[in-house]
Amino acid sequence: MSIVRPFSASDLFRFNNINLDIWTETYGIAFYFTYLSRWPDLCAVQEDPNGRLMGYVIGKAEGQGLEWHGHVTALTVAPEYRRLGLARKMMDFLELVSDDIYKAFFVDLYVRCANNIAIEMYERMGYSVYRRVKEYYGTLGVGKGGRDEEDAFDMRKPLSRDKDKRSIRENGRDFIVNAQSVS
Amino acid sequence: MSAAALDRQIRPIYDALDTGSNKSAIVACNKLLKKYPKNDLIKALKALALVRSQKVEESLVLCDEVLESKPTNDGVLTAMMHVLRGLGRQKDMVAMFEDAFKQQPNNEELGTQTFFANVRATNWKAAQQIATKMHKQFQESRYLYWTVICVILQAKEPGTSSDMRSLLFRLAHRLLESSATPSYLSSERFCLHLTVLRELGMYEEAEKLLDGEIGKIICSASLVCNQIRRDIWKLQGRALDEGKLAESKILEKNRNWLEFLVVLDATFSYFTLENDPTDEDRTDCLDAVKKAEKLFSEVAEEDGFRDRSGHLALLELENRARKYAVSCDSNRLLALMQQYFGNFGDKACCYEDLKPYVALSGEEFEKWSVFLASVPTTFTTTEELRRLINALKLTRYTLSTSDITIEAESERAALYTKYYLAGLKLGLNLPSSELQPADDLAILTGNSYVLLWKISNNEIYLFRAISLLEFALIKSPQSFQSRLILIRLYRLLGAPSMALEHYRALRIKQIQHDTLSHLVLTRASTFSLSSTGDLTLASECLEATQIYLSNSQETGDYIVRAFTTEKYSQIPEFIYFEEQLENSLQRDMVKIEHLRMRLTHELISSDIIDMELIELKFIFDRTHHDNRDFQILPDYQPQGVETLNDQTLLFQKSSGNGWLATFLRLYIRILQQASDLDDAVEEKLLIGDRPKQNADPEKQLPLKDRLLIRHEVELAELTADELLLVDFAHALADWLESFHNYTRPPPHVVLAEAARQTELKTGHPLKGVEIPPADGFSNGNGKKNEEPPPIREPPELVVKYFSTMKSRLSEALDELSIAELLHLATLAQEAFLIFTIETLRFKPASVVKVNKLGSLVANFKNIKADALALLKEASAILLEISERFDVSGSRKAFMDACSQLTEIEEIGYEFVSSIGKKMYDSRKKVLEGVGKGITKLSTTYSA
Ligand SMILES: CC(C)(COP(=O)(O)OP(=O)(O)OC[C@H]1O[C@@H](n2cnc3c(N)ncnc32)[C@H](O)[C@@H]1OP(=O)(O)O)[C@@H](O)C(=O)NCCC(=O)NCCS
Numbered sequence: 001m002s003i004v005r006p007f008s009a010s011d012l013f014r015f016n017n018i019n020l021d022i023w024t025e026t027y028g029i030a031f032y033f034t035y036l037s038r039w040p041d042l043c044a045v046q047e048d049p050n051g052r053l054m055g056y057v058i059g060k061a062e063g064q065g066l067e068w069h070g071h072v073t074a075l076t077v078a079p080e081y082r083r084l085g086l087a088r089k090m091m092d093f094l095e096l097v098s099d100d101i102y103k104a105f106f107v108d109l110y111v112r113c114a115n116n117i118a119i120e121m122y123e124r125m126g127y128s129v130y131r132r133v134k135e136y137y138g139t140l141g142v143g144k145g146g147r148d149e150e151d152a153f154d155m156r157k158p159l160s161r162d163k164d165k166r167s168i169r170e171n172g173r174d175f176i177v178n179a180q181s182v183s
Numbered sequence: 001m002s003a004a005a006l007d008r009q010i011r012p013i014y015d016a017l018d019t020g021s022n023k024s025a026i027v028a029c030n031k032l033l034k035k036y037p038k039n040d041l042i043k044a045l046k047a048l049a050l051v052r053s054q055k056v057e058e059s060l061v062l063c064d065e066v067l068e069s070k071p072t073n074d075g076v077l078t079a080m081m082h083v084l085r086g087l088g089r090q091k092d093m094v095a096m097f098e099d100a101f102k103q104q105p106n107n108e109e110l111g112t113q114t115f116f117a118n119v120r121a122t123n124w125k126a127a128q129q130i131a132t133k134m135h136k137q138f139q140e141s142r143y144l145y146w147t148v149i150c151v152i153l154q155a156k157e158p159g160t161s162s163d164m165r166s167l168l169f170r171l172a173h174r175l176l177e178s179s180a181t182p183s184y185l186s187s188e189r190f191c192l193h194l195t196v197l198r199e200l201g202m203y204e205e206a207e208k209l210l211d212g213e214i215g216k217i218i219c220s221a222s223l224v225c226n227q228i229r230r231d232i233w234k235l236q237g238r239a240l241d242e243g244k245l246a247e248s249k250i251l252e253k254n255r256n257w258l259e260f261l262v263v264l265d266a267t268f269s270y271f272t273l274e275n276d277p278t279d280e281d282r283t284d285c286l287d288a289v290k291k292a293e294k295l296f297s298e299v300a301e302e303d304g305f306r307d308r309s310g311h312l313a314l315l316e317l318e319n320r321a322r323k324y325a326v327s328c329d330s331n332r333l334l335a336l337m338q339q340y341f342g343n344f345g346d347k348a349c350c351y352e353d354l355k356p357y358v359a360l361s362g363e364e365f366e367k368w369s370v371f372l373a374s375v376p377t378t379f380t381t382t383e384e385l386r387r388l389i390n391a392l393k394l395t396r397y398t399l400s401t402s403d404i405t406i407e408a409e410s411e412r413a414a415l416y417t418k419y420y421l422a423g424l425k426l427g428l429n430l431p432s433s434e435l436q437p438a439d440d441l442a443i444l445t446g447n448s449y450v451l452l453w454k455i456s457n458n459e460i461y462l463f464r465a466i467s468l469l470e471f472a473l474i475k476s477p478q479s480f481q482s483r484l485i486l487i488r489l490y491r492l493l494g495a496p497s498m499a500l501e502h503y504r505a506l507r508i509k510q511i512q513h514d515t516l517s518h519l520v521l522t523r524a525s526t527f528s529l530s531s532t533g534d535l536t537l538a539s540e541c542l543e544a545t546q547i548y549l550s551n552s553q554e555t556g557d558y559i560v561r562a563f564t565t566e567k568y569s570q571i572p573e574f575i576y577f578e579e580q581l582e583n584s585l586q587r588d589m590v591k592i593e594h595l596r597m598r599l600t601h602e603l604i605s606s607d608i609i610d611m612e613l614i615e616l617k618f619i620f621d622r623t624h625h626d627n628r629d630f631q632i633l634p635d636y637q638p639q640g641v642e643t644l645n646d647q648t649l650l651f652q653k654s655s656g657n658g659w660l661a662t663f664l665r666l667y668i669r670i671l672q673q674a675s676d677l678d679d680a681v682e683e684k685l686l687i688g689d690r691p692k693q694n695a696d697p698e699k700q701l702p703l704k705d706r707l708l709i710r711h712e713v714e715l716a717e718l719t720a721d722e723l724l725l726v727d728f729a730h731a732l733a734d735w736l737e738s739f740h741n742y743t744r745p746p747p748h749v750v751l752a753e754a755a756r757q758t759e760l761k762t763g764h765p766l767k768g769v770e771i772p773p774a775d776g777f778s779n780g781n782g783k784k785n786e787e788p789p790p791i792r793e794p795p796e797l798v799v800k801y802f803s804t805m806k807s808r809l810s811e812a813l814d815e816l817s818i819a820e821l822l823h824l825a826t827l828a829q830e831a832f833l834i835f836t837i838e839t840l841r842f843k844p845a846s847v848v849k850v851n852k853l854g855s856l857v858a859n860f861k862n863i864k865a866d867a868l869a870l871l872k873e874a875s876a877i878l879l880e881i882s883e884r885f886d887v888s889g890s891r892k893a894f895m896d897a898c899s900q901l902t903e904i905e906e907i908g909y910e911f912v913s914s915i916g917k918k919m920y921d922s923r924k925k926v927l928e929g930v931g932k933g934i935t936k937l938s939t940t941y942s943a
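Residue numbers (UniProt numbering), protein chains in the order written: chain A, 1 to 183; chain B, 1 to 943.
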């Protein structure tokens, strides 16, 4: 069970159990407040009934014309709450808001090419690789993933407004672009 | 010259500022100022470059010149905004923009900037007035909403009376009514509207908005609006309606636990606190329970293992039914718990999920224990392993006190270790970036060893704990939970550099400094080697403080931005966040620790004394927020004993507001006596705004009285030895107070000296300070007309302090842990430094002579001799013990303690021995350092 509620500025004081995990980056105040001051409705946390944070999602809406889309900037669940469907719920939420409120054509996200768990998860949620972005991430310095560690997949899922599914394509893994060419 | 040409010449200045080359910016400004000596923009930019190079006095001169010209030019205003922010002069910034806007009332941008200046200064009333004016003038609907939120923020200020509050909310309501466009055009405006209606209890009006088509749509996608709607319905007593709505949402597959809670609350809403339930209530409730049970069962069935909500809701339903005595089946709770374990026992959170329900007794408890004991202890999959872990955790949680003996607990520790080693086999192929599924078993073992240490008071259990947890970290390098425990244990063991090593491996960043630096910085002066020039911990303090700087520099920008983007729901949250971080308890606890370290490192002088005094006085006016995260320590102790957090606190003391207040009083009092800055002088010399008045009545008392306050609850946060220090310091201050006051040069002399210094530095006189013609007092040592206060003997608490500490040291030597020993030694050293600060003023022979204080000063000699004798002994003891760790005997003690672990093949002798070596090396280093530092300080201040 989990409570879904808006991400609040004071949650920064309480997200250690999520952020001490190495896959989750802790940013400066400016990062979180940039999102909260523009897209508070695309940011949510999940907490347990005792008020302990379990995970959160931070997103935004951007792009021109047909590229107008919802974007998942961060999605993370504390290790002890994984495999409970929390990530799925938060993605559902973000897709709902992107679709209903922002009337976006699609939702997209970046994920390390080496993060197989996440890639598979997104694929099961209906996302597909749109392109590979070279050297999108700095190196984590943990694994031996090589290029897969630094490169990102841009994954997309069309929303109801994109009736012809123009926002996705097949063989996206073969489309390679530079980090500079994406926002 | 044309404007464009000037522009071209100014551009490089901006570039220099942007890249942080303040020096070249200043040079460029100086060059241009020769040509355009009256140009405000160049002056403002120079002032900015000066502020950024810490040349505050010089910048002030320029800053005031520009302000006097009452600028309206955009570039000048912007540059000045940064200058004034850098100087902490919010009030002047507000005044500057208000002047400009008055001169150009049609300039919308200026209006906005003036509004924002007030927002930054949290002047909600003034901001409201400007927004009102702007709304009239420019007819933008958002200015109306700005007015509304400013009214609300005024209402919410702690100083606002309840009458004023409702008056303000009614005003907000009238304003909203006057709006030309409906609030539902934007969810944020809608939300603000609802907030006002909620505050005023205007539920029917809220209902109209909420039940409307658009209202429903907004609430379905906006979590914030939905939250307020929920509140309103609850306040309105619409529990049943709310229950129905939640039910329909659940049926539409919404699995937000809040919806389940609403159904649960509605189910039991027949019982109120005020009335005893009637039979009718009971029947109604029984019906509702049945209905809810049906709903939850269906959900549970439909979701299966995919979602726990339905299953947990059934448990919660039964638990509440029992509480209200409407349960029909006394076996049901236990059955549901077992079922739940059956379904979700392989999820890590199962333990937390079931914890609220395990308070069983008698036969039920027996059955539950038997059930848990029946969980297989062998496993071939991670799911099975997790089941076992959950069973072990749950069993441990309900251990009774009679189960907690050294024998039984030792067996448990051995068992956890055994399962842990077996569990590691399941994670052999995982990359090092992944956590091991068996990690929790190592953490359970750690918990168990800590409990053993508590009941036996024998360090050997901590040795075992660190060996095992270090091993667990080799296997699972990302296990931050193991690290957290290790940090605590190494501090308890007096091995601070090991604690710091693990702390750094956590890669604490940004806001985490505020919530987690307590792990290594609480009472860090105990382990500080600043006295020997090793500033490791002192710089850790400074690094942890960066976040407060970012907060004061950045957060305000986002508050302003939230106005621009009209995210009204965020504004109060941002303001609260800023306040919470600005007034963080940890921030100022670190400040005190840093001060204590600084005093052992830098030569004590009037400069340090004055600077620290001013800063501490600022802090003393704050109401602190405790943002420290203690929940993060993985606690698996039985419910009847202390939590792991409490068990592993250094010196077994949890320190917070009381500790901070006590140390603030102590140091402010000491520094104030030693300083020449009295309030009048400080007022003149202070740059920047005073903190806002604090509403707390205790904080309204005169500072002098506040410093003498003693609250027992606050003192309870101190260790016995800290308390001795506090008593010593206050007794010393009581004794010397009148002599300080008698000897301190009068304010005009101090000011004249300050003015002289400023003029030397900047070439400009100090503003607002007139230098009186030289008279006999000007060197501060002039002859006085009045007689010095009568000399009294030093108080008992002062005289006896050092000899008391000396006997404590020798008596308790064998009983004290290394950390406690260091605590005693560093406190004795601190007492000596406090004595040094208190007597600094009376050092020059001329001062003593002129003020006729010879017989007072004579008393200092004996006290100092006692202090030096104590410090000498303390230092010798520390050094002697540090040498013991070279002898193989002491190392053997560690290996003997860990013999069970060394016998385990996977762990091995070598590994344990390396951990022991590191721990002893760390101990040795700190003992040696502190010992030598004490000698060094004794020498420095012995004369
Ligand atoms: C990736 C992450 C967000 C998943 O969170 P989660 O709440 O555990 O995911 P869910 O329970 O909602 O899982 C949804 C589906 O994803 C897949 N999945 C998730 N974790 C998986 C794992 N460890 N192994 C295999 N599949 C997995 C499964 O298909 C799962 O559905 P199922 O449980 O019904 O089989 C979480 O592991 C995490 O926070 N990782 C660290 C941060 C990160 O990598 N973020 C993503 C980068 S953009």
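Hint data in this document are derived by calculation from the structure and do not stem from the laboratory.
Heads up, a few of these hints could be off.
Below, a list of computed lysine-lysine pairs in the DSBU-like style, where the Cα atoms sit at most 30 Å apart [as the list claims (entries may be wrong)]:
1. B/Lys35 with B/Lys761
2. B/Lys125 with A/Lys103
3. A/Lys60 with B/Lys253
4. B/Lys70 with B/Lys31
5. A/Lys103 with B/Lys216
6. B/Lys699 with B/Lys125
7. A/Lys134 with B/Lys800
8. B/Lys617 with A/Lys165
9. B/Lys861 with B/Lys761
10. B/Lys294 with B/Lys253
11. B/Lys290 with A/Lys163
12. B/Lys216 with A/Lys60
13. B/Lys509 with B/Lys367
14. B/Lys34 with B/Lys852
15. A/Lys60 with B/Lys31
16. A/Lys60 with B/Lys509
17. B/Lys800 with B/Lys852
18. B/Lys249 with A/Lys163
19. B/Lys367 with B/Lys323
20. B/Lys864 with A/Lys163
21. A/Lys103 with B/Lys253
These numbers were taken from a predicted model, which means no experiment stands behind them.
Check each numbered hint from earlier against the structure, then list the numbers of those it violates in ascending order.
Of the numbered hints, 2, 7, 8, 9, 11, 13, 14, 15 and 20 do not hold.
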